[in-house]
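S.K.: Sequence:
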Amino acid sequence: MLTFNDVNRDFKVILDGVSDTNRPVPSIAKALRVSLTLPLIGIILSTITFGAVCAISNHRDFSIGLLISYILTGEAIPVYMAMVVGAFQGIMLLPYVSLFHSIPQNIRENTPLIAHMKRAIFKGMALYVSVLFITCIMSFYNAMYLFATPVVMIIAIFVTSFTVNLQVSKFGVGVLINKLKKNLK
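FYI, in UniProt numbering the residues of the sequence shown are 1 to 185.
These are computed hints drawn from the structure, not numbers from a lab. For every residue, glycine included, the Cβ atom is placed at its ideal position computed from N, Cα and C. Please note that the accuracy of each hint is not assured.
What the hints assert, rightly or not - Distance condition first, Cα-Cα at most 25 Å in a straight line; then the derived SDA-like pairs of lysine to any residue: (1) Lys123 x Thr21; (2) Lys30 x Met92; (3) Lys123 x Leu99.
Stated by the list, open to error - Label pairs and their in silico Cβ distance ranges: (4) Ile48 x Asn106: 51 to 61 Å; (5) Ala52 x Gly172: 39 to 49 Å; (6) Arg23 x Asn58: 51 to 61 Å.
Please construct the entire structure, taking both the sequences and the accompanying hints into account.
M.R.: And the structure:
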């Protein structure tokens with residue numbers, strides 16, 4: 001059970017760690033890679049499902065060449081939607097991931113507040129990927145569900161934002177985030 005005493009102690013440790021001028025500079029490439037992981041999962045699932053459903057409905061064997069032809073001919077609207085939403089998701093996640101990576105590694109691994117947040121994020125990611133798989137499976141029963149994957153990706157943006165804001169409010173992390181932003185400038 002996380003107490004406010006733990007949260008306040010973690011705030012101090014995190015702020016002290018970020019204030020240390022000897023800490024390594026976080027890698028933007030690594031932050032970008034991490035922030036694009038979930039959107040890419042959605043895009044890949046949408047693309048593969050679209051190709052498989054179209055191949056089955058046209059009585060053809062699924063192949064990479066067939067999938068590429070669907071994408072290049074402008075017929076892959078659900079895939080295009082997933083790509084746009086995925087790019088938006090990645091852009092929205094990048095500042096949070098960059099901020100997280102600016103906290104020294106030993107502090108990220110040893111603070112109860114961050115451990116609690118990681119567990120909540122992992123549960124959310126597992127739920128998100130599970131729902132994406134369900135929408136992909138549903139697409140084999142009705143091709144209209146091909147649009148469900150990008151819709152779930154859109155809904156995930158709002159749910160994630162809402163959940164993060166609730167966690168920030170619950171622990172008073174907003175003050176910490178503002179102080180971190182000031183220290184990092």
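S.K.: Run the structure past the numbered hints and jot down the numbers of the failing ones, going up.
M.R.: 1 and 4
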